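Using the sequences and the accompanying hints, generate a full structural model.
Below are the chains, spelled out letter by letter.
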Amino acid sequence: MKTDRLGHWLAILIGTLYFLVPLAATFEFSLRKLRGVYSFEAYRVVLADPQFQSSFTFSVGLAVVTIVFGMAIIVPMAYFVELRLRKLRPFVEFVTLLPLVVPAIVIVFGYLRLYNSSSLLPLTNSSLGTNFLLTCGYVTLALPYMYRSIETGLRSIDVRTLTEAAESLGASSGTIIWRIILPNIRSAMLSGAFLTFAIVIGEFTFASLLNRPAFGPYLQLIGANRAYEPAALAVMAFMITWACMGIIQVISRNAAAARP
Amino acid sequence: MASNASPASLPRPRVPWAVVGVTPFMAFAVLFLILPTLFLVVGAFQDNEGGFTLSNLGKLWTPTILSSYWISIKVSVASAVIGAAIGAFIAYAAVSGGLPRWIRPTIMTFSGVASQFAGVPLAFAFLATLGRQGLVTIFLSSVFGLNIYAQGFNLLSFWGLTLTYLYFQIPLMVLIVTPAIEGLKKEWREAATILGASTWQYWRHIAGPVLLPSFLGAALLLFANAFGAIATAYALTGSSLNIVTILLYAQIRGDVLHDQNLGYAIAFGMIVITGLSNLCYILLRVRSERWLK
Numbered sequence: 001m002k003t004d005r006l007g008h009w010l011a012i013l014i015g016t017l018y019f020l021v022p023l024a025a026t027f028e029f030s031l032r033k034l035r036g037v038y039s040f041e042a043y044r045v046v047l048a049d050p051q052f053q054s055s056f057t058f059s060v061g062l063a064v065v066t067i068v069f070g071m072a073i074i075v076p077m078a079y080f081v082e083l084r085l086r087k088l089r090p091f092v093e094f095v096t097l098l099p100l101v102v103p104a105i106v107i108v109f110g111y112l113r114l115y116n117s118s119s120l121l122p123l124t125n126s127s128l129g130t131n132f133l134l135t136c137g138y139v140t141l142a143l144p145y146m147y148r149s150i151e152t153g154l155r156s157i158d159v160r161t162l163t164e165a166a167e168s169l170g171a172s173s174g175t176i177i178w179r180i181i182l183p184n185i186r187s188a189m190l191s192g193a194f195l196t197f198a199i200v201i202g203e204f205t206f207a208s209l210l211n212r213p214a215f216g217p218y219l220q221l222i223g224a225n226r227a228y229e230p231a232a233l234a235v236m237a238f239m240i241t242w243a244c245m246g247i248i249q250v251i252s253r254n255a256a257a258a259r260p
Numbered sequence: 001m002a003s004n005a006s007p008a009s010l011p012r013p014r015v016p017w018a019v020v021g022v023t024p025f026m027a028f029a030v031l032f033l034i035l036p037t038l039f040l041v042v043g044a045f046q047d048n049e050g051g052f053t054l055s056n057l058g059k060l061w062t063p064t065i066l067s068s069y070w071i072s073i074k075v076s077v078a079s080a081v082i083g084a085a086i087g088a089f090i091a092y093a094a095v096s097g098g099l100p101r102w103i104r105p106t107i108m109t110f111s112g113v114a115s116q117f118a119g120v121p122l123a124f125a126f127l128a129t130l131g132r133q134g135l136v137t138i139f140l141s142s143v144f145g146l147n148i149y150a151q152g153f154n155l156l157s158f159w160g161l162t163l164t165y166l167y168f169q170i171p172l173m174v175l176i177v178t179p180a181i182e183g184l185k186k187e188w189r190e191a192a193t194i195l196g197a198s199t200w201q202y203w204r205h206i207a208g209p210v211l212l213p214s215f216l217g218a219a220l221l222l223f224a225n226a227f228g229a230i231a232t233a234y235a236l237t238g239s240s241l242n243i244v245t246i247l248l249y250a251q252i253r254g255d256v257l258h259d260q261n262l263g264y265a266i267a268f269g270m271i272v273i274t275g276l277s278n279l280c281y282i283l284l285r286v287r288s289e290r291w292l293k
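So the sequence lines, in the order shown, correspond to chains A and B.
The opening position of the first sequence corresponds to residue 1 in UniProt numbering, with each subsequent residue numbered one higher.
The opening position of the second sequence corresponds to residue 1 in UniProt numbering, with each subsequent residue numbered one higher.
Incorrect hints may have been included.
Some but not every residue of chain B turned toward chain A, in silico, with C-beta under 7 Å [as the list claims (entries may be wrong)]:
| no. | residue |
| --- | --- |
| 1 | P24 |
| 2 | F25 |
| 3 | Q116 |
| 4 | F124 |
| 5 | N154 |
| 6 | P209 |
| 7 | G228 |
| 8 | A231 |
| 9 | T245 |
Subject to a maximum C-alpha distance of 25 Å in a straight line, what follows is the list of computed SDA-like cross-link-like pairs (lysine to any residue) [claimed, not checked]:
| no. | chain 1 | residue 1 | chain 2 | residue 2 |
| --- | --- | --- | --- | --- |
| 10 | A | K87 | B | K185 |
| 11 | A | K87 | B | V286 |
| 12 | A | K87 | B | F110 |
| 13 | A | K87 | B | V19 |
| 14 | A | K87 | B | A27 |
| 15 | B | K74 | A | P99 |
| 16 | B | K59 | B | E49 |
| 17 | A | K87 | B | L279 |
| 18 | A | K87 | B | Q133 |
| 19 | B | K185 | A | R5 |
| 20 | A | K87 | B | W17 |
The following residues of chain B were derived to be distant from chain A, with all beta-carbon distances above 10 Å [stated by the list, open to error]:
| no. | residue |
| --- | --- |
| 21 | E49 |
| 22 | G50 |
| 23 | G51 |
| 24 | Y92 |
| 25 | A114 |
| 26 | V143 |
| 27 | A150 |
| 28 | R204 |
| 29 | G208 |
| 30 | N278 |
| 31 | L284 |
Keep in mind the hints are simulated off the structure, nothing from the lab.
Please read all numbers here as calculations on a predicted model, not as lab measurements.
Each residue gets a CB set at the ideal place from its N, CA and C atoms; glycine is no exception.
Pasting the structure below:
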C-alpha cells in the first residue's frame with residue numbers, strides 16, 4: 001500500500017502544479033509592466049480605463065438581470081412541474097439540457113437570423129431590444145445550472161405538504177411561492193445565482209456577435225492590443241470566479257448544517 | 001365561481017394557476033431556444049428560394065470546411081481523452097484514501113473554480129505561461145537552455161490549444177467522475193483480495209467494467225464541451241487556427257463564405273456532432289447507474 005500512496009501523492013502533485021503554475025505565471029507577468037521592477041501598474045492602468053469601468057458595470061448589470069429574469073421564469077415552472085404537471089418533466093429535462101447540446105455560437109446565430117431588423121420581431125433594431133436578446137441568451141446558457149440547483153432545492157423540501165398546509169390556511173399560489181417556497185430554497189437559488197454570475201461576467205460569444213459593450217469583448221480587445229494588461233485582467237477574472245465558487249461552497253455548507 | 005361562466009372541463013379552480021406559472025418558461029424555451037435552433041436546422045436543408053435541397057450539406061465537403069471540422073474534432077478528442085484520463089486518476093487519488101483529510105475538499109473546491117475558468121482570461125493566462133515571453137518558456141530557456149519554440153512548440157497550434165483546454169477539462173472530469181468512483185464499494189475490493197485476485201485483476205474484471213460507462217460518458221461530455229468552445233481559441237489564436245467555431249464566427253460576422261445557407265449547414269453539422277456525443281453520454285449514464293446505485 002506504500003507505493004499506492006506514493007502514486008496518489010504524485011498525481012495530486014502534478015495536478016496541483018499544472019493548475020498553479022499558469023496562475024503564478026499570469027500573476028508574475030501582470031507585475032512586469034514597468035521595466036526592471038515589479039509593480040501593480042498594469043492593474044492601475046486597467047482599473048483607470050473608462051472602457052473597463054463601463055464594460056464591467058454593463059456586464060454586472062446584465063448578470064443581475066439574467067439571474068432575476070431566469071429565476072422568475074424557472075422557479076414557478078419547476079414548482080408547478082414538481083407539484084402538478086409531472087407529465088411535463090421529460091420535456092423540461094430535454095429543454096434544460098439543450099444548451100449543453102447546442103453550442104452558444106449556434107444559438108446566437110439563430111437569434112441573429114430570427115430577430116434581425118427584417119424579421120417579424122426585430123429585437124436587434126434598438127439597443128434595448130438587443131440587450132433583452134443578450135439577456136435571453138445568457139438565461140439559456142445558465143439554464144442547465146439554474147434549473148438543476150432549483151430542482152435539487154425543491155426536492156430537498158416537501159413541496160406537496162408545504163403547499164397543502166398553506167392552501168388549507170387560505171394562501172394563494174402566488175403567496176405560496178413567494179412566502180413559503182422561496183425562503184425554503186434560498187440557498188439553492190443563491191448557488192445557482194453565483195454560478196450564473198461566474199458564467200455571464202466574462203462571456204464573449206453572445207456579447208461579441210450581438211455587438212454589446214460587455215466585459216467579454218472588452219477582454220478580447222485588450223488581449224489583442226496590450227501586453228501586460230491582459231494578464232492583470234486574467235488575475236482579476238480568476239479572483240471573481242474564485243469568489244463566486246467560494247460563496248457557493250459556504251452557502252451549501254451552511255444549508256447542509258442547517259438541515260436536521 | 002359562476003358555473004355558467006366557466007365550463008365544467010376544469011375539475012379544480014387552481015389548475016389554471018399551474019398553467020399560468022409554467023407558460024412564461026415554455027414561451028421562453030420555444031422563442032429563445034427551440035425556434036432559433038430549428039430555424040438553422042431547417043435552413044440547412046433549404047436553398048435561397050426556400051425549396052428543399054441537400055446541396056448545402058454537400059458543400060460542407062470542401063477542404064476548408066472539412067479541415068476546420070477535423071481540427072475541432074482532433075482538439076476536442078485529444079483534450080477529452082487526456083483530460084478524462086488525468087481527471088479520473090486525480091479523482092481516484094483524492095477519493096481512495098491514504099492522503100490527509102483536507103486534500104479532498106480542497107481539490108473539489110478548486111475543480112469547481114478551474115472548470116469555470118475558461119474563455120478569454122484562460123487564453124491570457126496561457127499566453128503569460130507558455131507564450132513566447134511566458135514565465136515557463138523563459139524559465140526553460142534560461143535554466144535548461146531549452147527553447148521550446150525552437151523545438152517546434154507553438155501555443156497557437158493544435159497542441160497549444162489542447163494544453164490550454166485541459167485547464168478546464170481535467171477539473172470538469174474530476175467533478176463528474178468523483179461520484180462514480182465513490183460508488184466503488186470497499187467490499188468488492190476485499191472480496192476480490194480474499195479470492196486471491198491481484199490489483200490488476202481487480203481493475204481488469206471488477207472496478208474497470210463498473211467504471212467504464214461513467215468514464216466514457218464523462219469523456220463524451222468533455223468532448224462536447226470542447227467542441228462548442230470558441231472564446232479561448234479566438235483570444236489565443238485570433239483566426240489563425242481554423243477550428244469550426246471560429247469559421248462559423250467569421251461567417252456570422254462577415255458572411256465570408258458568401259452563402260448564408262452554408263452557414264446554417266455548418267451550424268447543423270455542429271449540432272449533429274454534439275448531439276450524438278450527448279446522446280451516447282445519456283445512454284452510458286443509464287447503463288452506469290445500474291451498478292452505482
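(request) Would you mind confirming whether the straight-line C-alpha gap from K74(B) to P99(A) stays at or under 25 Å? (result) holds (22 Å)
Discussion item. Given F124(B) as an interface hint, is its Cβ closer than 7 Å to any Cβ of chain A?
Written reply: At 4 Å from the nearest chain A Cβ, F124(B) passes the 7 Å test, so the hint holds.
* **10 Å cut-off, C-beta based - L284(B) kept clear of every residue in chain A** => Since the minimum Cβ distance to chain A is about 15 Å, L284(B) lies beyond 10 Å and the statement holds.
* Asked: Can we confirm that no CB of chain A comes within 10 Å of the CB of Y92(B)?
  -> violated (8 Å)
Original post:
Taking the least C-beta to C-beta distance, is T245(B) closer than 7 Å to chain A?
Top reply: holds (5 Å)
Item to complete: Identify whether the interface hint at Q116(B) stands, where standing means a beta carbon of chain A within less than 7 Å of its own.
Response: Hint holds; Q116(B) Cβ to chain A Cβ min 5 Å, cut 7 Å.
### Message
Quick check for students: does the CB of A150(B) sit more than 10 Å from each CB in chain A?
### Response
holds (20 Å)
Given the hinted pair K87(A) and V286(B), is their alpha-carbon gap at most 25 Å? Distance of about 21 Å is within 25 Å: holds.
Next item on the list: Compare the distance between the alpha carbons of K87(A) and Q133(B) with 25 Å, and conclude whether the hinted pair is satisfied.
Entry: Given that 25 Å is the threshold and the Cα spacing comes to 58 Å, the pair is violated.
- Over 10 Å to the closest beta carbon of chain A is the bar; see if N278(B) clears it. At about 5 Å from chain A, N278(B) fails to clear the 10 Å cut-off, so the statement is violated.
Q.
What's the verdict on K87(A) and F110(B), does the C-alpha distance respect the 25 Å limit or exceed it?
A. Violated. K87(A) to F110(B) sits at ~38 Å, over the 25 Å cutoff.
Open item on the list: Need the status of pair K87(A), V19(B): alpha-carbon distance at most 25 Å?
Closed with: holds (13 Å)
Checked against the numbered hints above, the structure violates hints 5, 6, 10, 12, 18, 24, 25, 30; every other hint is satisfied.
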